[in-house]
Structure formats: structure tokens, C-alpha cells
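K.L.:
Here are the chains, one letter per residue:
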Amino acid sequence: MRYIFLVWIIVVGMVVGIAGFQGDKTRRTPIELFPDMDRQPKLRPQTANAFFQDGRSSQLAPEGTIARHSSWEKTPENTGKVVGTTNFVSTIPLPVDATLLAKGQVKYTIYCAPCHGATGDGKGVTSKLGMGVIADLHDHKGRKLITAADGQLFDTIGQGKGLMGGYGSVLNPQERWAVVAYVRALQLAKLGSLDDIPNAERASIK
Amino acid sequence: MAVLVLLLFGGGAVGGIWYYFSPKYTRVGYQPIQPVPFSHSVHVDQVGLDCRYCHSQVDKSWYSNVPSASTCMNCHNQILSEDPRLAIIRDSAKTGQSVPWVQVHKVPDYVFFNHSVHVNRGVSCVHCHGDINKMDEVYHAKPLSMTFCLDCHRNPGPNLRPLDKVTDLGWKGPSPDAQKAQGEQFAHDWKVNASQNCSACHR
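Which chain is which? The protein sequence lines are A and B, in order. Position in the first sequence (from 1) plus 1 gives the number in the numbering used here. Position in the second sequence (from 1) plus 63 gives the number in the numbering used here.
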């Protein structure tokens, strides 16, 4: 009788000793008992896949093709340029309203603020971490970014400039225009004067 | 005597299967060695990046993308630009070779989980991924078992946040009760239809 208990305790002890407890950190790939349906030979994004020559499931678009719903047309909305020229459009070619500005604020905060700072002064968190030159979006002296055409800001956001990478792959054209609108709002907030404020609102500012 | 043996060993076997044949054992705690020692804790909690800076399509796509190396290079072309730990990233950005990241969170292929519908209805990243913002090395924190999904689908209210707090991983509601009430209001206002139909996830 005692032996049975002893054997039981030893067996349990061995199982727990080898298998450990729930939630233990492990480098071992998770065990899957019947993986035939769990892991089907179908394409999953961004994984290795031997079917294609370069070994990845997410293929780059073949040259000369256009993805459905992509913004391929060479309109001012998509390029920031006047059709048929290399001149930047001077104003945002979309209706600018509160919705667009709100979207611009969200996108600016995610993608731009880490470097350019929440107010656009170029003193975002990365400036303390070793990032070299970050454009001050207010650019008091040169006023380059204030006088630049909206289309040029759009182009810089999408394609990058100097050491800044392009954000065209994460921001679609409409989102880029939203960011342009929000940058304009930041510039106005910083450099605007009392004359820019409607008469009715002035009292609340003073 | 025979009954006792059966109880002890039979019970032990059942208990062992119950305890070990569960994603709580097989998946939770999985912490593979990644090719680049990327720390979410540093990038999120210390630097303050939003999740979507890197996982940029999570609110538009069914899957949450791993960033391209060029995303890393937006900053790391200047910050730690010579660091040997980032050699793989620099090579990848130059050559276009994929970085062999090891996927930690995986549901079975017959489960169709959609990231965008969840994050656009106030389900935060932390509900399924744990406190990613505190992890130096990502590990599998939640079981992601079927009952894990269903627990929330049966009662989504307590897990819904204001939409601008979804990627604010450290966010805590005013109080558990208040958050529950707020979440239930969201579930009603946004017409959250957390389906329990098989075909919601298995198609």
C-alpha cells in the first residue's frame, strides 16, 4: 500500500520535474499534437514559404503592375503636383474640415511627433537620443516650411527628404494631406497673431 | 485496493492531461530568441512610440504587420547607427532580405482573427498580448485558446476602452466598475456584435 503512494508521488514528481508548470518561460517551440489542420500549407502574410523562389509568402508586386485600390493615378490628390508638371500644388486639393484635421492629428502624433515633437518644434524624443538635424516645422528664420507649397509638404511626407525616410508606405495620400493640414494648424497656432482670430473669439484668448 | 490505484493513477492521468494539454501550458510562456534583441519596453515605455508607428496596418488589416527594416532605419540611420546588434536590420534595409523574426503569437490556421475589427472597437492590444510595453523580450502571455476568445465574446463590455486609449497600453480605467459601465455603454453605442457563432471565427 505504501509503495503505491510512493510510486504515485515519484511519478507525479517526475512529470512535474520534466514538464514544469503552466506559464514557465521557455525557448522551446510550442508542442502541437495534431498540427495537420493547425498549420495548413496555405499562404500567410510575412512568413517563409518555399513555393516562391525568394522564399517568402508576401510577394512584391511584379514590375509594371498596380495593386487594386492603390492610388496610382497621377492626380494632384495622389502626387501633390499639378497635372503634367513638376510644380507642387499650392493648396490641399481635398476639403479641409474638422474630420481631416482630427485624422491628421492622430497620424501626426504617431508618425511625426517622435522626431518633430508634439508642437512641431523639432524637439521630439529622438532629438535627445542622438538624432542629428530635425526640421523645426515653424522654421522661424528661413520660413521655408511656412512658405512651402502644401504639395511640397505632401511630397516630403511621402518620399522623405535628406535623412528623413518617406512615410508613403504607411500613410495613404488622404492621410498625408491630413497631416499637411495638421502641420498648417500647428504653424498657425505658433506663428499666428491676434488678427488671425475671429473678432468674436478674441476675448476668450486674452 | 484496485479502486484506490485506479483513482490515484486514473485521476493523475486526467489531471495531467487537463493541466498540460492546454494552451495555458503549451503556448503561454513561449519566448523564442529573436534575430535582433528588440525591446518593446524601450521603444514603447521609454521612447513613447505608438504601437502603430511600426505595426502600421493593424487598424486597417486583418493581420498586424511586422515592420519593414526601413521603418527601423527611419531612426536607426542616425541612432545607434553602428551598433552590431542592428547589423541584420541594416543589411535587410540595404538588400531587401527579410529579417527572420520568430512569430510568437499564432492561432491555428482555421481561426480567422481580424486585428482591425478589434482595435477599431476599443479592444486594446494588451487584452490578447499582455503587457507588451513592459517586455524586453516578447513572450506569449495569454493562452489565446477558444475559451479565451469566447469569455470576451460573451461579455465584451469590461474589455472595451475609449478608442484613443487602445494603443495606450498602460491605460487603466477610472475604476474597474466605472470602466465596465463605460465599456458596456461603448458596446451599445458602437453596436458591438461579438458573435458566438462558429462561423464568426471558423470559416
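Hints may contain errors.
Claimed, not checked - EDC-like cross-link-like pairs, simulated, lysine to aspartate or glutamate; straight-line CA separation at most 16 Å:
1) B/Lys205 <-> A/Asp25
2) A/Lys26 <-> B/Asp214
3) A/Lys145 <-> A/Glu176
4) B/Lys169 <-> A/Asp37
5) A/Lys26 <-> B/Asp172
6) A/Lys162 <-> A/Asp197
7) B/Lys123 <-> A/Glu176
8) A/Lys191 <-> A/Asp122
9) A/Lys104 <-> B/Asp227
10) A/Lys43 <-> B/Asp172
11) B/Lys87 <-> A/Asp137
12) B/Lys228 <-> B/Asp122
13) B/Lys169 <-> A/Glu33
14) A/Lys142 <-> A/Glu176
15) B/Lys169 <-> A/Glu176
16) A/Lys104 <-> B/Asp108
17) B/Lys228 <-> B/Glu200
18) A/Lys124 <-> A/Asp98
19) B/Lys243 <-> B/Asp214
To be verified - Per the computed footprint, the stretches of chain B lying under chain A, defined by three or more beta-carbons under 8 Å from a beta-carbon of chain A, are:
20) 71-81
21) 114-121
22) 127-140
23) 254-262
Said to hold, decoys possible - Some chain B residues judged to face chain A by a derived CB distance under 8 Å, without partners named:
24) Gly92
25) Ser161
26) Cys215
What the hints contain is simulated information worked out from the structure, not anything from laboratory work. Backbone N, C-alpha and C define an ideal beta-carbon position, used for all residues, glycine too.
K.L.:
Give a verdict on every hint.
P.N.:
Results of checking the hints against the structure:
The suggested pairing of B/Lys205 with A/Asp25 holds, with an alpha-carbon distance near 12 Å, which does not exceed 16 Å. Distance check on the hinted pair: A/Lys26 and B/Asp214 sit about 25 Å apart at the alpha-carbon level, beyond 16 Å; violated. Distance restraint check for A/Lys145 and A/Glu176: the Cα-Cα separation of roughly 23 Å exceeds the 16 Å cut-off, and the hinted pair is therefore not satisfied. Between the alpha carbons of B/Lys169 and A/Asp37 the distance comes to roughly 15 Å, so the proposed pair stays at or under 16 Å and holds.
Only pairs whose Cα atoms come within 16 Å are accepted, and A/Lys26 paired with B/Asp172 is rejected, the gap being roughly 24 Å. A C-alpha spacing of about 31 Å is found between A/Lys162 and A/Asp197, which places the hinted pair above 16 Å, so the restraint is violated. Restraint check for B/Lys123 and A/Glu176: the C-alpha separation of about 13 Å stays at or below 16 Å, so the hint holds. Restraint check for A/Lys191 and A/Asp122: the C-alpha separation of about 10 Å stays at or below 16 Å, so the hint holds.
A threshold of 16 Å between alpha carbons decides the hint, and for A/Lys104 with B/Asp227 the separation of about 12 Å falls inside it, so the pair holds. Taking the CA atoms of A/Lys43 and B/Asp172, the gap is near 9 Å; set against the 16 Å cutoff, the hint holds. In summary, the hint linking B/Lys87 to A/Asp137 is not supported, as the alpha carbons are separated by about 50 Å, beyond the 16 Å threshold. With a CA separation close to 13 Å, the supplied pair B/Lys228 and B/Asp122 stays within the 16 Å bound.
Distance check on the hinted pair: B/Lys169 and A/Glu33 sit about 12 Å apart at the alpha-carbon level, within 16 Å; holds. In summary, the hint linking A/Lys142 to A/Glu176 is not supported, as the alpha carbons are separated by about 29 Å, beyond the 16 Å threshold. A C-alpha spacing of about 31 Å is found between B/Lys169 and A/Glu176, which places the hinted pair above 16 Å, so the restraint is violated. For a cut-off of 16 Å, the pair hint linking A/Lys104 to B/Asp108 is broken: about 24 Å separates their Cα positions.
Distance check on the hinted pair: B/Lys228 and B/Glu200 sit about 23 Å apart at the alpha-carbon level, beyond 16 Å; violated. Simply put, A/Lys124 and A/Asp98 have alpha-carbon atoms about 28 Å apart, too far for the 16 Å limit, and the pair is violated. Proposed proximity of B/Lys243 and B/Asp214 is supported: the alpha carbons are some 15 Å apart, at most 16 Å. Only when three residues or more bring their CB closer than 8 Å to a CB of chain A does the claim for the segment 71-81 of chain B stand; here the count is 4, and the claim holds.
Only residues whose C-beta sits within less than 8 Å of a C-beta in chain A count toward coverage, and the segment 114-121 of chain B has 4 of them, enough to reach three; the restraint holds. Look at the segment 127-140 of chain B against chain A: 9 of its residues bring a Cβ nearer than 8 Å to a Cβ of that chain, three or more, so the hint holds. Counting residues of the segment 254-262 of chain B whose beta carbon lies closer than 8 Å to any beta carbon of chain A gives 0, which falls short of the minimum of three for the stated coverage. Interface hint at B/Gly92: satisfied, since its Cβ lies 5 Å from the closest Cβ of chain A, which is below the 8 Å cut-off.
Because the beta carbon of B/Ser161 sits about 6 Å from the nearest beta carbon in chain A, less than 8 Å, this interface hint is met. The closest approach between the C-beta of B/Cys215 and any C-beta of chain A is roughly 20 Å, which is over the 8 Å cut-off, so the hint fails.
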